[in-house]
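Take 1 as the starting number for the sequence shown in UniProt numbering and just add one per residue.
Any given hint could turn out to be false.
Quick list of in silico lysine-lysine cross-link-like pairs, BS3-like style, CA-CA up to 27 Å [unchecked claim]: (1) Lys322 - Lys336; (2) Lys322 - Lys220; (3) Lys227 - Lys336; (4) Lys379 - Lys220; (5) Lys230 - Lys383; (6) Lys544 - Lys488.
What the hints contain is simulated information worked out from the structure, not anything from laboratory work.
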Amino acid sequence: MSTVRLTMAQALTRFLSRQMTEIDGQRLPIFGGVWAIFGHGNVAGLGEALWHERERLPTFRAHNEQAMAHAAIAYAKANMRRRFMAATTSIGPGATNLVTAAALAHVNRLPVLLLPGDVFANRIPDPVLQQVEAFGDGTVSANDCFRPVSRYFDRITRPEQIIPALARAMQVLTDPAECGPVTLALCQDVQAEAYDYPESFFTERLWTPRRPRADRAELKAAAEALKAAKKPLIVAGGGVLYSGASDELARFSAATGIPVCETQGGKSALPDDDALNMAAVGVTGTGAANRLAAEADLVLAIGTRLQDFTTGSWALFGAAGKTIIGLNVQSFDAGKHRALPLVADAREGLAELAEAIGNWKAPESWTNNAKAGKGDWRKEAGKATAASNAALPSDAQVIGAVQRTLGSDVILLHAAGGLPGELHKLWQAGAPGSYHAEYGFSCMGYEIAGGLGAKMARPDKEVVVMVGDGSYLMLNSEIATSVMLGLKLTIVLLDNRGFGCINRLQMATGGQSFNNLLKDSRHETLPEIDFVQHAASMGAIAVKAASIAELEAALTQAKENTRTTVVVIDTDPLISTGSGGAWWDVAVPEVSERAEVRTARANYDERRKRQTIGN
Numbered sequence: 001m002s003t004v005r006l007t008m009a010q011a012l013t014r015f016l017s018r019q020m021t022e023i024d025g026q027r028l029p030i031f032g033g034v035w036a037i038f039g040h041g042n043v044a045g046l047g048e049a050l051w052h053e054r055e056r057l058p059t060f061r062a063h064n065e066q067a068m069a070h071a072a073i074a075y076a077k078a079n080m081r082r083r084f085m086a087a088t089t090s091i092g093p094g095a096t097n098l099v100t101a102a103a104l105a106h107v108n109r110l111p112v113l114l115l116p117g118d119v120f121a122n123r124i125p126d127p128v129l130q131q132v133e134a135f136g137d138g139t140v141s142a143n144d145c146f147r148p149v150s151r152y153f154d155r156i157t158r159p160e161q162i163i164p165a166l167a168r169a170m171q172v173l174t175d176p177a178e179c180g181p182v183t184l185a186l187c188q189d190v191q192a193e194a195y196d197y198p199e200s201f202f203t204e205r206l207w208t209p210r211r212p213r214a215d216r217a218e219l220k221a222a223a224e225a226l227k228a229a230k231k232p233l234i235v236a237g238g239g240v241l242y243s244g245a246s247d248e249l250a251r252f253s254a255a256t257g258i259p260v261c262e263t264q265g266g267k268s269a270l271p272d273d274d275a276l277n278m279a280a281v282g283v284t285g286t287g288a289a290n291r292l293a294a295e296a297d298l299v300l301a302i303g304t305r306l307q308d309f310t311t312g313s314w315a316l317f318g319a320a321g322k323t324i325i326g327l328n329v330q331s332f333d334a335g336k337h338r339a340l341p342l343v344a345d346a347r348e349g350l351a352e353l354a355e356a357i358g359n360w361k362a363p364e365s366w367t368n369n370a371k372a373g374k375g376d377w378r379k380e381a382g383k384a385t386a387a388s389n390a391a392l393p394s395d396a397q398v399i400g401a402v403q404r405t406l407g408s409d410v411i412l413l414h415a416a417g418g419l420p421g422e423l424h425k426l427w428q429a430g431a432p433g434s435y436h437a438e439y440g441f442s443c444m445g446y447e448i449a450g451g452l453g454a455k456m457a458r459p460d461k462e463v464v465v466m467v468g469d470g471s472y473l474m475l476n477s478e479i480a481t482s483v484m485l486g487l488k489l490t491i492v493l494l495d496n497r498g499f500g501c502i503n504r505l506q507m508a509t510g511g512q513s514f515n516n517l518l519k520d521s522r523h524e525t526l527p528e529i530d531f532v533q534h535a536a537s538m539g540a541i542a543v544k545a546a547s548i549a550e551l552e553a554a555l556t557q558a559k560e561n562t563r564t565t566v567v568v569i570d571t572d573p574l575i576s577t578g579s580g581g582a583w584w585d586v587a588v589p590e591v592s593e594r595a596e597v598r599t600a601r602a603n604y605d606e607r608r609k610r611q612t613i614g615n
């Protein structure tokens, strides 16, 4: 057996650079690169190894560890999980800064390889700088925090252990059902230790997506249930996009007349102008989709984990005796809420289901009813997004301005706060993947770093980030990285001076406005934050829009700009779109001195009666 003597870190980077994928007939490296912030726990070992592989495995420098992992995750999402990235930090706070991003990737089922430095395997420098000591367990380090938020976790304490660890890592990162974050904690002395690795370990390998087909019995049961339905509805989740099943879904819906609604992750599975696309469903859903969801006697849930924002905390899908079919590559999701499981790849499963039901169609009255409802919703949405001269416009009016100016061909990216709710129901998405939401973990601070990752994945597209002032203040550093890398973003910053979304929820549950908006928080002086100067200080082109008309003019100019542009506009923190939406289970105190809370609790108890518990 021919071998080559390398350090563990050199073997790791050489292996990563030799893993390939194929997209549209083009053979590409499956790793788009490595994000790195170096410290004493990774600079000498992994840092030196990355330098040697820098042409085949590019290394990118960020300003915040959590942000660089967010960028890596967004890169994978924008690539429909076909390509992904790695992120490395030193031991200590650099490593633990990655934990939030790991949880985000875990919830959203997105691949990312995390390579934090770890303690010395030989235990001689003990405790080493930044080491977290467990008084009762000498094997524990800070990196054990990654265990519950990793699909696969390993600590490399000998150089040869990287061989099986990387094999398992690639299996997880490329598996459609198990996909998620992988953490390989790299003991810093082991990174520098040498071993005679078999040369075959570094042979190029092509990874192609697995497409499991349905079990015959599950397929038969699903087809029979569907043919018996009078009011069927499709819920399209992110799995539709990752499977590349949008065309198959469009054919299936058109052939059967079944209307389609979309989760946050599934939005853009069909273009918004598809006649049977009812758009958003659930707590942030459209009136068209939620009206059908309340009546549906069969729900075909494709590639969705059916979280509570989709189901209205299981009070939205209210038809007695309804049937759920869970078409999902992951059996854990396929069987949720006593669904008939149909464990299969979304594209393959839809094609097989279409063949199994033959020429069956949904009742014409149901299909026509859906189309009429969509027309009614479009009128309501148009009112919410129409141009306005209001001194403080609503989020919806800002969304309307962005849509009118930039169109549906851009990649629209957002995450936490009030914007996901408004964008889910109001944004008119175009091609698959043009709507990029991180709402599985609802992580404030994802937006700008995520926009950077999406732009790295799709440099040919205009990437538009919509972000509130709260999220911006949490994590904005990668504006500087986008400028440094020449990756232009258009960032629309909505300033409502606080956490407006949670303030509205606080008020809706009977609470007093408290500690969310800046003016309602303990303060001596209210900060007058100049976001324009702040963004400009990091190299962005930055302007303030005093009205919707000025916003549209600034966005028109942004299209011509060659570097990241930030447009700031003040908005009203209290306004949200009244139409559409569904109830969400947020527990209200049973006892309170406030009459508003007691009233909210009575309403809460009444709404809970509509939950279909266990179904």
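*Which of the numbered hints are not met once you compare them with the structure shown?*
Violated hints: 4 and 5; rest satisfied.
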